[in-house]
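Novice: For reference, the chains in residue letters:
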Amino acid sequence: MTASIVGRRIPRIRGTDRIRGTKRIRETNRIRGMLACFAMLGLSTAMGQSLRTTHVEGPVWLISGARGNVVVSAGDNGILLVDSGSAEYSAELIQAIENISGGTIRYVVNTRLHPDRVGGNGAIRAAGDTFTGGNATQIGGVDVGAAVIGHENLLLRMVIDADFDVGLQPTETFFAPRFDLYFNNEPVEVIYQPNAIDDTNAIVHFRRSDVIAAGDVFRLDSWPYIDLENGGSIEGVLDALNDLLDMAIADTLSEGGTLIVPGHGRICDESDVLRYRDMVTIVHDRIRAWMDRGMSLAEIKQAEPAFEYDSRYGRGRDDWTTDMFVEAVYLSLGSSRQ
Amino acid sequence: MSSVARIQYPEPVELPDRVHPERSRVVVGVFGHLGICLRMRSVICMALLALSGSAVAQVDLVGEWRSIRHEDQIERGPGPEIGDFTGLPLNEAGRRRGLSWSASLLTVPEHQCSPHPANYAAMHGNLRIWKQVDPQSLDTVAWHLLHESYNRFRVVYMDGRPRPGDDERHTWQGFSTGRWVGNALEITTTDMKESRIRRNGVEHSDEAVLVEFLTRHGDVLTLISILEDPHRLEEPYIHTRNFILDTNQTMRPYPCRGTVEIDRPRGQVPHFLPGENTFAEEFRINHGIPREAALGGAATTLPEYRERLRELLNSGESR
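For the protein sequence lines, the chains are S and C, in the order given. Start counting the first sequence at 1; every next residue gets the next number (my numbering). Start counting the second sequence at 1; every next residue gets the next number (my numbering).
Certain hints may be false.
[Unchecked claim] Partial chain S-side listing against chain C, Cβ under 7 Å, derived:
no. : residue
1   : L62
2   : Q95
3   : L238
4   : R275
5   : D278
6   : I282
7   : R286
8   : A289
9   : S296
10  : R312
[To be verified] Some chain S residues near chain C, calculated using beta-carbon distances under 7 Å:
no. : residue
11  : N185
12  : H264
13  : R266
It is worth saying that the hints were derived from the structure and are not from the lab. Glycine included, each C-beta is placed from N, C-alpha and C at the ideal position.
Taking the hints into account, I'd like the entire structure generated from these sequences.
Specialist: As structure tokens, then:
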């Protein structure tokens, strides 16, 4: 695996026993993490306003511009965020949320291990306050902040990776295929997508509003990222895209109905996901077929399996080019056959 | 609520009561706003200006307009053959996209009810046009178009509203604004979904821009469309279509619900591997058309290509 595709190597997670081993460390480092987040908060305050806010449906809003889309549910129960954006935008993000609603930030749900998804966790958590009771309320001076929800693999990856400060880590994890809560008068489902971009992915479905926050398995600015070293796979990405299509129901003549907010890019509906799924499937099928015929990676790259999509989805990004995507698909398919 | 920045449009064109030299410059400036090919736009602008010598700056487009079936009969009727890209200024990406397309894709439930986009809706079926007026000023604030095929409703806003923000959803019909250029209603459409240019796998991207001109000559309505796409076209694709006024016309509803027609593995997408479309050659072979001409491209759309075509035919390229 080339470093250009996967970044730093992180050991694969074998089980959940690491949680207990790392919990104490997380607790002792939390204050340090919070301080770092507050420092980042102060830095971002000096930045100009660059975020855009768009109403999606019901209590659900989209805030874009924080190096990735942030989906917001704002209502009587307060604020729930899907992802927290990049750390340097935290102050702007908090301001944008306040412009939508003065409610308290209760939850942040993370969809992926990436600084653009979890970078604002610390600042957002500090700015919020989740629902608490029992023992927590009996400890004077304890401010638990907003709860940060993520799959347990997200926590484990963040514990292993020193780039992620302890203050960014999830405070509530789940290991089942689904985590749910009822918030702002609607069921909210957090659905795990195993081995997609990596092994931490989740999509979030606001069921009454019928809005899905897809995270980066669906993005309009590039190919889906496949982080092989962190458990990602092309098959997992396609499963996630097909899950989105299974969940979405279009209104009349394939338009509207269930709305899907991608990790990057505009609000979409089923037909947009459909086109993206088709494209990724076609490229996957070509590479798989050519591998079956014995073509090497170099030969497949030479044959340009993604040629007709390159100018639309491979542009403008040095860190995830069409060539890198093709290589990742090739290696993913190769590893799945071993 | 969106906090998008308002798009700065050029000042409205002041319409003189007759053609004069200045007029050409003004209209070209309007096209230039969209970056349309200078050569093409000049031709169309001159044609429109020649038609707009009337002292009346606008015509009434309201009516029931019947599709003329002998014009573009293949498109308006049964649909094109697979591999027929003739007359399309496709770039290599657009061509490869079309050649990998399989008609079986239309059996996939989510694809079954995908309607024609704004650039294609007029190609297929009849058209109804009505206008919406401001109750106080009686100004026309919007034109409404209903294309019978797939019951495509389009709204052409005349009130100068800004285009949707970058985060707003794209639609099959996109977002259209209008302005008068002589006697032609210029319609600019953005924010379309990725969709068909031709019904055989030739598609434009979601970044395509469509500029149309609607004008009327008595009982004939002419629609000039110019489609520009940075990802699939070498040059703007320009097309004209005509409709006849038909006051007895009625429109039929077009209900559609996708369903499983073929039991497939989950996520299967019908398509051909590059170079392995077994049907792509049928069109050119059956009609004796050289491969180069059948696959389109900007050069093949020009009159001077006839000479090249003769060379190809004489060299046996059509076999």
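Novice: State for each hint whether it applies.
Specialist: To see whether the hints hold, each was checked on the structure:
{"no.": "1", "hint": "L62", "verdict": "holds, 6 Å"}
{"no.": "2", "hint": "Q95", "verdict": "violated, 12 Å"}
{"no.": "3", "hint": "L238", "verdict": "holds, 6 Å"}
{"no.": "4", "hint": "R275", "verdict": "holds, 5 Å"}
{"no.": "5", "hint": "D278", "verdict": "holds, 5 Å"}
{"no.": "6", "hint": "I282", "verdict": "holds, 5 Å"}
{"no.": "7", "hint": "R286", "verdict": "holds, 6 Å"}
{"no.": "8", "hint": "A289", "verdict": "holds, 6 Å"}
{"no.": "9", "hint": "S296", "verdict": "violated, 17 Å"}
{"no.": "10", "hint": "R312", "verdict": "holds, 5 Å"}
{"no.": "11", "hint": "N185", "verdict": "violated, 20 Å"}
{"no.": "12", "hint": "H264", "verdict": "violated, 11 Å"}
{"no.": "13", "hint": "R266", "verdict": "holds, 5 Å"}
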